[in-house]
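Asks: Residues per chain are reported as follows:
There are 4 protein chains.
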Amino acid sequence: MCTAIGLKTHDFYFGRTLDNEFSFGEEITVTPRNFPFRFRFTGEMKSHYAIIGMAYNKDGFPLYFDAINEKGLCIAGLNFVGNAYYKNCTHEALNIAQFEFIPYILGRCATVSEAEIELKKINITNTPFSAELPVAQLHWLIADKENCITLEVTKKGTNIYDNPVGVLTNNPTFPEQIGRLNDYMHLSNKPPNNTFAPSLELEVYSKGMGGMGLPGDLSSQSRFVRAAFTRCNSVCENHEISSVSQFFKVLGTVEQTRGVNKTEDGYEITIYTSCCNAQKGIYYYKTYDGFSIKSVDMNKENLDGCELIKYPVK
Amino acid sequence: MCTAIGLKTHDFYFGRTLDNEFSFGEEITVTPRNFPFRFRFTGEMKSHYAIIGMAYNKDGFPLYFDAINEKGLCIAGLNFVGNAYYKNCTHEALNIAQFEFIPYILGRCATVSEAEIELKKINITNTPFSAELPVAQLHWLIADKENCITLEVTKKGTNIYDNPVGVLTNNPTFPEQIGRLNDYMHLSNKPPNNTFAPSLELEVYSKGMGGMGLPGDLSSQSRFVRAAFTRCNSVCENHEISSVSQFFKVLGTVEQTRGVNKTEDGYEITIYTSCCNAQKGIYYYKTYDGFSIKSVDMNKENLDGCELIKYPVK
Amino acid sequence: MCTAIGLKTHDFYFGRTLDNEFSFGEEITVTPRNFPFRFRFTGEMKSHYAIIGMAYNKDGFPLYFDAINEKGLCIAGLNFVGNAYYKNCTHEALNIAQFEFIPYILGRCATVSEAEIELKKINITNTPFSAELPVAQLHWLIADKENCITLEVTKKGTNIYDNPVGVLTNNPTFPEQIGRLNDYMHLSNKPPNNTFAPSLELEVYSKGMGGMGLPGDLSSQSRFVRAAFTRCNSVCENHEISSVSQFFKVLGTVEQTRGVNKTEDGYEITIYTSCCNAQKGIYYYKTYDGFSIKSVDMNKENLDGCELIKYPVK
Amino acid sequence: MCTAIGLKTHDFYFGRTLDNEFSFGEEITVTPRNFPFRFRFTGEMKSHYAIIGMAYNKDGFPLYFDAINEKGLCIAGLNFVGNAYYKNCTHEALNIAQFEFIPYILGRCATVSEAEIELKKINITNTPFSAELPVAQLHWLIADKENCITLEVTKKGTNIYDNPVGVLTNNPTFPEQIGRLNDYMHLSNKPPNNTFAPSLELEVYSKGMGGMGLPGDLSSQSRFVRAAFTRCNSVCENHEISSVSQFFKVLGTVEQTRGVNKTEDGYEITIYTSCCNAQKGIYYYKTYDGFSIKSVDMNKENLDGCELIKYPVK
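Chains as they are written, first to last, in my numbering: chain D, 1140 to 1453; chain Z, 1140 to 1453; chain U, 1140 to 1453; chain L, 1140 to 1453.
There is no bait here: all hints are sound.
Given that identical chains are not distinguished, each listed pair holds provided it fits within a single copy or across any two copies.
Derived DSSO-like pairs (lysine-lysine); straight-line CA-CA distance at most 27 angstroms:
1) 1185 with 1419
2) 1284 with 1147
3) 1210 with 1433
4) 1210 with 1449
5) 1147 with 1401
6) 1419 with 1439
Keep in mind that the hints were calculated from the coordinates and are not lab data.
Predicted, not measured: the structure shown is a model, and the values here were computed from it.
Let the sequences and hints guide you as you build the complete structure.
Replies: Laid out in structure tokens, this is it:
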């Protein structure tokens, strides 16, 4: 399971946690403008916007988990198992295999508005990358510094939702997730007043009691509420260090600690957390056992090249 | 387990639920002024205030669960298993067997203030009524129209607590129970405001959302919080029908429905609910499967008699 | 706001709470078989199944809040404000004004299966009963002894949902309400085990702790969860008194106490609670300040008459 | 407010968060064996165990917030405002000013057992360090690799509690805090089973749902429960990097993000988080805006010196 957020301070930041039992061997991967994307149904995209993100690189193709492009458009794909439903390719639409979605959109769209126009044309297909790599069931958070949307493709069709809270986790569907925030509207970052029974002398015995009722577990619904509350109340200074630090703090509230989330295969942990400065093209990240935040700056690479540039996750 | 409350409208009302797997064969029992109470350590109390309440009558002695006297003093005993601790009889104090406590106090005290003076003198002993009736582990809610206190006797000694909320359930100790209300101080009978994230458009989709976070289960701690919230926000008209009805509504929020609380011996249910008009001496009650509220008015009895007057619970 | 449930013991029972700030002047109303229903679009229904239920009778028409027919089919309409959306009358469908829905279906359908066939034909229209009576925004719980469904008409169209839990309240939509039960799947009527940290000695200090986490407030979402938990764990004996008593207990857990739910106009309270023995045609009810459960047995009336038979609510 | 924990993996680790609106100018401070501690009432302690910890150094005296000694005994002081109550100095006891407590105990005790013997002799006094530094109201977590206790001094006297969970936050008192865990005993790191209503088909729609009900806010009570659940379920590998990383993860679940906890003076944030390897004498820490974990190893210093060795927090 995973959590993605967008956060605007002086710049726009976008990132996510990737929660799983094990690493996929992912790499920070820069796709320069002239790397040829060979799409299954729409042919080759010879030149495009440069992209940086976290990808599992397979057979020369960057299978991006989350990425931004040089224009500041950002996408993260998050598990949506049981709800995601992709159709076969069809004659009526522009067919994009599920695994091609991030490069296709980031390659040609500079903004969320441009992406929305594309989204109306395309059919995300259930085409597997290969026999060993079945189709992931995902939904997507798509954002730039101005707008944020969620894309969900289910049996009921394709839905594009405005995402005013800038948060996405996993199940249930986005309307249910955001609808749940209504139940927490009384939470506050300020100390509570006694409205329980004004005649009783009740005591604010601790700071932070205004948040009482906020869920603390690791389910996707609870992570959504907690990340939303933290992100919406987040305060930081208008410089890079404070913004990046703060971004990691917000995602830190939904980080998965080894042992707390037992699955059949072991324990789900936050394999990595990322934070992109979408305007400057810098990809910050940290790993579960890493003692520090690392970064890769796409603008220090040759973005006019035609080969993928890969940095192993340390 | 059980819940007791006091509630002041135009008159003062006091009552409780008695929750158990089965009935004890209890009867509404009026003890007239000249019924001789033979106490184990303090001898015979030949005349005293008249008392009405629910009792299991054994060998001519009314083992009261809850009762009021003709002066409007009210006591209910509630389970306090694991915390209650009564000592042996001692030479330094006035020894009152645990099962004698309600008649002893109601027999001689007209008010909470008078009861408090007695409480400082007495040692509640661990004397069983008989071999078949071991000592119940109880704590007590004691109230009149002006004051309300809780009495707890534990290994740490005897504690008399002011009880500003007028509610008692079972474990844990009263200070912990009432301290817990701090965690719910933000609840309200009014619709919530959006303090979660004022920039988000959140929706009050239902009436009653101001109470979100109120616990709904049947544990003693949750019943305490729920009864406190309901009682403190209760509104009724200043006449008998509205007051009695309202009192049963408040206790209705902590009533135990058969099946929801499974124990080793079956299901705990609310065997009966009582509501005394402490000023008029009327004992209202209803039973689990009863379709109506019944009542017994002590002032319609000969209170100068010397025999117990018993009404079976219908 | 309101809560409706169906409950099967030896017979099938169906009923609801009606929560509001004030009574509408409703009456237990028996519509005999030959009372002529004059529908706005479909003309006169001269004979039909006999019906008993709670109605506000206006200009000779029974505006039923909840009712059953002589075949044991049951319907209750519950507030669904902000979500309900009825269209104008249309040429393509059988037009039934919203206020005609209960008599139309109960008049001609003996079972849920028959009702489902009708539901696919009809268009519930936004036709007001009169200038003073605007269209209520409702959704419906429809049940017989075998099946239970929910009908919702929103901007997205008409949806008929299987309702395996036999509960309906108000907002949000039924799929969201029932989906929420997943979050409470760990609740139990049994005492909890220590799975928090087996190495710690934790204590079951009270009976009923298996339900910890159950919401206790009066919002429609919390009433849904609480009624579902209580209804699904309900246990009673297979006779009328136990069944009826138990039914009122289940709805008692969502009863609204005056003062706890403050609205602009005063306080929302449970004006009445009903329980129909759907197989015997008996309508039981109690009012907020009523001290007892009353009943009307439709089979003691002349069901072949042509005049409404009305009993004032006491 | 703050949170402290002890955690045993292959070594024993101890540390805390320090939450406040601003930094105190604290420094990692090594007190070598021959630094003379001049205590107010008990005179000079010329030689003692070496100590490392975080301290505000004032007038040549290390006012430790948390520290360990070379024998592996660890102490952290945490806010306990409103409950802590220290007496004047007295003739009957060994008087130790509140601010001397950590150096006094760490200077002379090698284990919790030895500390407990000292604790019974001493009177922690309300002596301020200076006119500008009033007496902090604290309670203490004291641990070694075998044992963990909590020390609280209130109006009711001095209490030493076994602390089987190895967690301390702030108010309320420790018995209340740990008692609260009973209410969460049903939480689990495993997926939940449907015990709500086995007849309903409920869905585990997300990993991590076994923790549903865990509180997510920043109050001291909720941080206690959350840290306890995380610590008790924590799993890591038996080497230094994994242990240290894991320790910071556990405390990360109670870290305070700027903006979420508004106080009169600004926002409470986690100024620093520490983690000591108590057996190796290494003090790891990170600051709110720090991008990495830093460390100071006491065994790389000259521990036989007589001057404080201070490292500024980076």
